[in-house]
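My request is simple: use the sequences and hints to build the entire structure.
Protein chains in written order, with the working numbering: chain P, 1 to 483; chain E, 1001 to 1484.
Don't read these hints as lab results, they were simulated from the structure. A quick note: this is a predicted structure, and the numbers were derived from the prediction, not measured. Among the hints, erroneous ones may be present.
Some chain E residues flagged as far from chain P (calculated, every beta-carbon gap over 10 Å) [to be verified]: (1) Thr1027; (2) Ile1085; (3) Gly1216; (4) Asn1223; (5) Glu1314; (6) Gly1471.
Distance condition first, Cα-Cα at most 30 Å in a straight line; then the derived BS3-like pairs of lysine-lysine [to be verified]: (7) E:Lys1465 <-> E:Lys1444; (8) E:Lys1218 <-> E:Lys1089; (9) P:Lys347 <-> E:Lys1089; (10) E:Lys1222 <-> E:Lys1089; (11) P:Lys347 <-> E:Lys1271; (12) E:Lys1451 <-> E:Lys1465; (13) E:Lys1089 <-> P:Lys375.
Note that CB positions come from ideal geometry on N, CA and C, so glycine has one too.
Here is what each chain is made of, one letter per residue.
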Amino acid sequence: MSELLDLSTAQAAQSVRAGDLSPAELLSAYREQAEADELGAFLWLPEEPLGVMGTAADAPLAGVPLAVKDIFCVEGVPTTAASRILEGYRPPYTATAVERLAAAGAPMLGKTNMDEFAMGSSNENSAYEPVRNPWSPDRVPGGSSGGSAAAVAGGLAPWSIGTDTGGSIRQPASLCGLVGLKPTYGAVSRYGMIAFASSLDQCGPITRDVTDAALLLRHLVAGGRDPCDSTSVDFPQEIELPSSEDLGGLRVGVVPELSDAATIDAGVKTVFDATLERIEELGGGVEQISLPHSEHGLSAYYVLAPAEASANLSRYDGVRFGLRSGDGDLLSLYERTRADGFGDEVKRRIMLGTYALSSGYYEAYYGRAQRVRTKIAEDFRAAFERVDLVVTPTSPSVAFRLGERTADPMAMYMSDYCTVPMSLAGLPAISIPAGLSEGLPVGFQITGPAFSENRLLAAAHALEQAIGFDSSPARGKAGAPAR
Amino acid sequence: MTTVTTTPTERAYEPVIGLEIHVQLRTQTKMFCGCALSFGDEPNTHTCPVCLGHPGTLPVPNAEAIHFALMIGLALECELAPRSIFHRKNYFYPDLPKGYQISQFDVPLSRSGRLGDVRVHRVHLEEDAAKLVHAGASGRIHGAEASVVDFNRGGTPLVEIVTEPDLSSPEQAGEWLRLLRATLKRLGVSDVNMDEGSLRCDANVSIRPAGTATLGTKTELKNMNSFRFLERGIAAEVTRQEQILRGGGEVEQETLHFDPQTGALSSLRSKEESHDYRYFPEPDLVPLAPTQAMLDRARAALPELPAARAERLERELGLPTDTARLLAFRSELGDFYESALGADGATDPATLASWVTVELVARLGDVDPVESPVSPEALAELVRLVSARSVSGSAAKEVLDAMAAGGGRPEAIVAERGLGLAGAGELEAIVDRAIEANPDAVEKVRAGTGKAMGAIVGAIMRETKGRADGGEVQRMVRERLGLG
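This is the structure in structure tokens:
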């Protein structure tokens, strides 16, 4: 049984296709694990297996079950975005991403925990329960896709999808020793993905290795532009399964603004620098580049994302679905429903965003933040004229302790310092585990130009092979080289 | 320019009026989802996750709505934006499922146009709200026992048209709105029915000392759902503002509701209570950049518009202005007229126009003449019979009555009912009898009292039952009396 759970999904799919393993066996093995969840990773598991089991063995994803962040609507299945305000809500339709993966043969295993409405970096903003990091149960898994990451790292799911607005796939992947990919904005349909900040939100895979990430991404984009999402586009190529073993001829840019000692913990910096050496060993060239506006990324992000969120979350008004409080009067319906239904961080961001859009303040906040966003995108464009890829640490620190940053929103927001600029520029970025610090995983982030996912995956694959990181917390810790 | 004043002797102020018109487009489906448009259907039967604002749903713009909006922009001679932006207009209300309306703000689809003598400030696309129904005596949300929402209307494509403040009387505002309505109807983009709310009009009203160029503080009159209410509402508001200024007061910027039953204006909200809509670009939609093909298609779809048609009918056919406008503004009448004119090139255009706009309209009311039993060819034939003096005017009206009731060809009806003009021999005998029977009148006519002729002619006409031409009869009487 444990051998089965050790298979990467690509390997499991191969076994299914070879007839050595049945999709039902695979599913029941993972269901057993998920049912015994002690990490708080799952918010919901189906009574009966869902999806396309009948044809799974022939389907490209061969019936390997998928953990789905609870931000994705699935018809008839409780979908809460980890908020009280959606308690009991069962959507009348299914998200395109979930539908496409199910059609490709990855049935949904269950819905995973997250920060409420994807707002958070530790998963402590879930209205239901915090999630624990499988590497160290008193530490956070990161967020907002913390449940998806913990489920995969803890062996409760073979792979998962999450969403990333400012780092919500990459940072938890980093903290849980996994691969997390945020695709180019527009590559994956947002239809059915509960919106946090529409101009930034993207769906992507959280997996044990780069090949699995490529496999999921391939089927997320394979259907082409989604007519239900006006901002989605046709991905210009097919996503290839990476096989690259070296980085010969690749020019890699290092950004001092996003990797200096003032913001990055020493242990993380050590792993980052070691990874740069590996890049050179693999034949890549490392040079310094500048993204001069990237240090303002976080400030711009915390204006733009809350501004969009303040509107996106207006629909939770108690009129049509979800929680309804109040004494029958219209104003009290609105006030009580939203006071009872939203958690503190969500309320904080609604207020921030409402303020930033208010008459008289719009230019000073929203307008300015948009200009910073444009500048950051221009910085990246200039950088990619000199280099093929840009690398940074994914998170300034390893997984922190539960409760450590809950009282200090600014410290929490710093978790996204290295991931937010790519989100603002709409660029693809992948985090791969690069080593350990204090016995905890450290992520390495690789960014490329828009729609360069194949290049990104190839480089990540070559590095992954060279690093040889073991994504199993039990073995990884045991075999970790002392640093 | 008409000046509206409280009394004829006080001509101190002139109104300055601008209109904001919301037009529901007659598309197959809603603005941002695939639900069918409907009116009067069972509540909440035309809804889906998108137009109910379910979590995770996204808007997809309706290509037909964009096509119609481009047609409107072109018809109103606007500049079309190469790239316009949708914005979110944020406010909480139960008829607004997402908590924001997708509309356009600082970069609308088109701007700087003109219709007739009124400049058009802007034309933009947006989505309609759902419909709230309030139970209880007040009929409004305040004091209602309960309110229910019908989401069928929610998401219906709307075009908002905003004019410059170029109107200066309630009547002019009403007249211009009629022209706009006729134009939109001609374009075929909307039902433009004010009763059903597919055409809705708000008015911005201020007054200023006559002849000056300053603008006074304006108020906004909401949602007057007929031409009459629009004119009455504006008139009432102008009067109210004049009274305030004459009393030494100041007009406050506010939004007003006009009650057509009582004629009263009540405040909906003051400037202080006005919403901060926190507009920002809608991140779920990409900018609307019409392609050359879209523009070509919109241009090709433009029919001749009422203003141009009225001008042409007046210039080419010599029709009186009012007749030409009536034919152009009610395009179905215009179509009927032009088709009748084509059926019989010999008919005098002005005479035929008068038969269409006066006699036919009197018999059909608001019914589209295409749906009446009177065919354009038949009417043309009738007018030709009158012109050829084969039938008298009054007999022709009787023929038209018969045609309007049951169709048929005029010549057949004239023959069947014996309505043809009396023959010369028959008429002479009748004239002789009339002279004999009215010696007093004859005496007076001989004495030069012209009025007395009426009694003789009247008697003749009664006897012929209208089958004689009044002028011809008069000539015969004078001849018989030797008055040549």
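Hint-by-hint comparison with the structure:
Against chain P, the non-interface label of threonine 1027 (chain E) holds: every CB pair exceeds 10 Å, the least being about 17 Å. The Cβ of isoleucine 1085 (chain E) lies farther than 10 Å from every Cβ of chain P, with a closest approach of about 12 Å, so its non-interface assignment holds. For glycine 1216 (chain E), the shortest C-beta to C-beta distance to chain P comes to about 24 Å, beyond the 10 Å cut-off, and the non-interface label holds. Every CB of chain P is more than 10 Å from the CB of asparagine 1223 (chain E) (nearest about 20 Å), matching its label as outside the interface.
With a least beta-carbon separation of about 47 Å from chain P, glutamate 1314 (chain E) lies farther than 10 Å from that chain, consistent with its non-interface assignment. With a cut of 10 Å on Cβ distances, glycine 1471 (chain E) stays outside the contact zone with chain P, its closest approach being about 72 Å. Only pairs whose Cα atoms come within 30 Å are accepted, and lysine 1465 (chain E) paired with lysine 1444 (chain E) is accepted, the gap being roughly 25 Å. For the hint pairing lysine 1218 (chain E) with lysine 1089 (chain E), the CA-to-CA distance comes to about 23 Å; that is within 30 Å, so the pair holds.
Only pairs whose Cα atoms come within 30 Å are accepted, and lysine 347 (chain P) paired with lysine 1089 (chain E) is accepted, the gap being roughly 20 Å. Distance check on the hinted pair: lysine 1222 (chain E) and lysine 1089 (chain E) sit about 19 Å apart at the alpha-carbon level, within 30 Å; holds. Using a Cα cut-off of 30 Å, the hinted pair lysine 347 (chain P) and lysine 1271 (chain E) holds, with the two alpha carbons roughly 28 Å apart. Among the hinted pairs, lysine 1451 (chain E) with lysine 1465 (chain E) is consistent with the structure: their alpha-carbon atoms are about 21 Å apart, no more than 30 Å.
The suggested pairing of lysine 1089 (chain E) with lysine 375 (chain P) holds, with an alpha-carbon distance near 27 Å, which does not exceed 30 Å.
Every hint, counting from the list given before, is met by this structure.
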